[in-house]
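S.K.: Chain B: place on chain A using the hints.
Sequences listed follow chains A and B, in order.
Going by this note's numbering, the first sequence opens with residue 11, and the numbers climb by one from there.
Going by this note's numbering, the second sequence opens with residue 11, and the numbers climb by one from there.
Bear in mind the hints are in silico, worked out from the structure with no lab data behind them.
If you're wondering where the values come from, they're calculated on a predicted model, not measured in any experiment.
Keep in mind that a hint or two might mislead.
Ranges of calculated distance between the beta carbons of each label pair, as one might list FRET restraints [stated by the list, open to error]:
#, chain 1, residue 1, chain 2, residue 2, range
1, A, 516, B, 86, 34 to 40 angstroms
2, A, 603, B, 15, 29 to 35 angstroms
3, B, 86, A, 319, 30 to 36 angstroms
4, B, 14, A, 591, 24 to 30 angstroms
5, B, 96, A, 197, 58 to 64 angstroms
6, A, 623, B, 107, 41 to 47 angstroms
7, A, 431, B, 107, 54 to 60 angstroms
8, B, 86, A, 268, 51 to 57 angstroms
9, A, 823, B, 107, 19 to 25 angstroms
10, B, 96, A, 786, 51 to 57 angstroms
11, B, 96, A, 425, 38 to 44 angstroms
12, B, 96, A, 13, 31 to 37 angstroms
13, B, 59, A, 192, 50 to 56 angstroms
14, B, 107, A, 319, 37 to 43 angstroms
Using N, Cα and C, we set each Cβ at its ideal position, and we do this for glycine too.
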Amino acid sequence: MSKPRLVLIGNGMAGVRTIEELLKIAPDHYEITIFGAEPHPNYNRILLSPVLAGEMTVPEIVLNELDWYASNGITLHTGKQVVAIDRIRRKVIADDGSEAPYDRLLIATGSTPFMLPIPGNDLPGVIGYRDIKDTDEMIATAKVHKHAVVIGGGLLGLEAANGLKLRGMDVTVVHIGPWLLERQLDETAGRMLQQSLEDKGLKFLLQKHTEMLVQGVSGRVAAVRFKDGMQIPADLVVMAAGIRPNYALAEKSGIYCNRGIVVNDTMQTYDPKIYAVGECVSHRGIAYGLVAPLFEQAKVAANHLAGYGIGRYTGSVTSTKLKVTGIDLFSAGDFMGGKDTEEIVLNDPHGGVYKKLVIKDNKLVGGVMYGDTADGPWYFQLLKDARDIHDIRDSLIFGQSLVGDVGHAGNSKAAAMADSAEVCGCNGVTKGTIVKAIKEQGLFTLDEVKKHTKAASSCGSCAGLVEQILASTIGGAYTPAASDKKPICGCTEHSHQKVREAIRNEHLTTKEAVFAELGWTTPNGCEKCRPAINYYLISTWPHEAKDDPQSRLINERSHANIQKDGTYSVVPRMWGGLTTPAELRAIADVAEKYQVPTVKVTGGQRIDLLGIKKEDLPAVWADLNAAGMVSGHAYGKSIRTVKTCVGAEHCRFGTQLAMDMGVKLEKMLFDMYAPHKVKLAVSGCPRNCAEAGIKDVGVIGVDSGYELYVGGNGGIKTEVAQFLCKVKSDEEVMEYSGAFLELYRQEAWYLERTCHWLDRVGLDYVKGRIVEDEDGRRTLYAGLVAALKDAKDPWSTSREAQPVKQFIPITVAA
Amino acid sequence: MSHWKLICKLEDIPALGSRIVRPPKGGDIAIFRTSDDKVFALHDKCPHKGGPLSQGLVHGERVTCPLHGWNIGLADGQAVAPDVGGCDRFDVKLENGEVWLAI
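Pulled out of the complex, with its shape left as it was, chain A reads as follows (with noise of 0.2 angstroms):
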């Protein structure tokens, strides 16, 4: 049977990434024609206004070269518009007479200019600002003629008159409305951005009305003149007064339209074979004008025409930022505010420097800044998490601390790097070669440059950066999914919440069992999804769930950690930092039998043993575990050490028993798997000798009891662990940091350490559930007790259970 026919009206952004994000779940299911009205392959319409500067080049803006559609089957028609849709033969027929039968019809026809009315609006020199046609047309007349006006004053206007003035024209802007960009900015912000467009040398005339276009003698434009009588000199009129969505021709064939192609949640239209994407839709009675949205409209529309059914596209919140090099500009959301919101504004009119955010019910909905834009996205992360941010509020304004950070030179605004400087300190990648990347090879999303570039790939604290970077480069086109929406992996459409919701709620408990479930689109997951649906697994259901070995990464499948020759290291535990003679001496003498290279002592407080080959570790647990002593845990998203100073004990300061109380809380965590590492210390006096204030729960000996401190990190992000509550009694430590850790446990996705889980929680959720709901507080507790009720040492049940010969290499005789 042949396969049915997808007929794609549109060659543009949207509709080729709908046709992308198709291949990529259903690679063989359409017959594929497209047709593009313009003649070339589909490109970056975003990075037109680079182009007009003189910045970048046609050919670098292209997204897929005439190969991809070769190669990937496609039919392309391009030059040829399409003119009519029969619905009743389901076919299309473009304006050469050539016709395409279709099954499945996508409609991405986009916006066209909004020309202005007034006579003249048809001499020559009169253009819009949209395609490749019109940037070269702007691009020869500026060689040629000196007056440009450019009629409005929006984002696009912007960056037409900005690129119109770098070619050396004299540029006028004419814009109706009291400020710039007043559909993106207040007014204080339109006046800073005016007088630095001012200082760039173009012209502003705001509140003009353009009354009509005077054509001169050569039959070209000469002037525009307005409603007052004031006449301006123009060889060029740029109209940039608005766009209106490219609908004309689905009316034409009968499809419902209303100020666009109406289409539902599913991108489909009142014609149920026909689907729209893009600037052309009317979606719940909005059309979009910006990039942005198209991603999850195509996403959507690429899962229906796929025939999964599912996924619903449910409207954007959009950011604005002005691609004019050398203006920091960014907005979100609802940033003029109203009677029912409050703001809170930063304004420095000799530094430049304006910030405004609005803020609802405690949580942020709109935000304007000029002049400093490093904390744009992650003021739009929290906007689009909904998180509370009430207890961040006295801080909000001065952006998300950066500091603590390592690894880029201290650098937190990339605006101001140099393209030469190092962005990731782990894979030396320069701001230089990330722009590159997200230019040539049009990338849109942070996962995307990580893939391309290994920026942020690693240890990860550069991220912020990177999406900095991506978003001052694509401008309105970035646009992170919420939080608790963005994919596991490239398994699935799923995110860590929804996966760990539905192991919780359909009560799975095998791995095989979520991919069934869920329509994992891998026959068995990959690197990332494993792992932390096994853990989801164990987390969630203890003693039932089964551990899979296979599913755990090397060091926790083997108990040790590998190192970058292949070989491994092995540190026993030693509770609380404490040791003996006779647990020295078996280190020692393990040492010297397996010839082991280096020892060391480690952060932890503890003795680590490095270079040990893979087929010597169950021997050299045994060696250990006959000298009474077990797993440290060094290798795990587990619990590693309880950091002691030497408290009451002997320390003529101390308060608290502190190696007491660390070897208590170490031995009840024993075996402890989290999302993440965790770490522990105790000190017996403020003087913190144990550096509680940097551990994920830090416990800090007062006379009168123990202060407990959760989410602090002393290594990718240095970051400060926040009060949590104070306690009296031993016992409540342990309750309390328990219940604690039972919840992080339960709650966080994987990989994300306390002081991440904490930043999208919030402190006062957590206070809420461990401090002021003492029912809930205990449950948890009682929950982590059971969890690790019967813990067994991993390298003594690693020796008996697991077949230890998979530590041996099968040799072959010759």
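M.R.: Relative to the frame of chain A, chain B by itself:
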């Protein structure tokens, strides 16, 4: 000339796992078993920084290197795009539950 050598039984390799084979001349070879009991053999050296692929996580017909997370195709030994590189592959066959390797 390579010769078929009997290596082990299929069940000696864990499903979605691997074993190391050490030939007389050295140069460890990793043999992999997928969830549907296909077997593959690659030089146990990731094209990126030489990581032991035998210690990686097997999924579908790919293995993820344990050192820096490159994905390598089990059938062709080639890195999955956008990474570029490859390692040697070896013929391997399964007969009556026994794994044979051409070395």
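S.K.: Could you tell me whether the CB distance from residue 603/A to residue 15/B stays inside 29 to 35 angstroms?
M.R.: holds, 33 angstroms
S.K.: A range of 54 to 60 angstroms was offered for this pair. Does it hold for the Cβ distance of residue 431/A and residue 107/B?
M.R.: Given range 54 to 60 angstroms: holds, Cβ gap about 58 angstroms.
S.K.: Do the beta carbons of residue 96/B and residue 197/A sit within 58 to 64 angstroms of each other?
M.R.: At roughly 60 angstroms between Cβ atoms, residue 197/A and residue 96/B fall inside 58 to 64 angstroms, so the hint holds.
S.K.: How does the Cβ-Cβ distance of residue 96/B and residue 786/A compare with 51 to 57 angstroms: does it lie in that range?
M.R.: holds, 54 angstroms
S.K.: If you check the beta carbons of residue 86/B and residue 268/A, does the distance land in 51 to 57 angstroms?
M.R.: holds, 53 angstroms
S.K.: Does the beta carbon distance between residue 623/A and residue 107/B stay inside 41 to 47 angstroms, or does it fall outside?
M.R.: violated, 30 angstroms
S.K.: Does the hinted range 50 to 56 angstroms hold for residue 59/B and residue 192/A at CB?
M.R.: This hint holds: roughly 54 angstroms between Cβ atoms.
S.K.: Measuring from beta carbon to beta carbon, are residue 516/A and residue 86/B in 34 to 40 angstroms?
M.R.: With a Cβ separation near 38 angstroms, residue 516/A and residue 86/B satisfy 34 to 40 angstroms, so the hint holds.
S.K.: Just to be sure I understand the hint, the distance between the Cβ atoms of residue 107/B and residue 319/A should be within 37 to 43 angstroms; is that true here?
M.R.: holds, 42 angstroms
S.K.: Check the following: the C-beta atoms of residue 86/B and residue 319/A are separated by a distance inside 30 to 36 angstroms.
M.R.: holds, 35 angstroms
S.K.: How does the Cβ-Cβ distance of residue 96/B and residue 425/A compare with 38 to 44 angstroms: does it lie in that range?
M.R.: The hinted range 38 to 44 angstroms holds for residue 96/B and residue 425/A, with Cβ atoms some 39 angstroms apart.
S.K.: Determine whether the Cβ-Cβ distance between residue 14/B and residue 591/A falls within the hinted range of 24 to 30 angstroms.
M.R.: violated, 56 angstroms
Violated hints, listed in ascending order, are 4, 6; each of the other numbered hints is respected by the structure.
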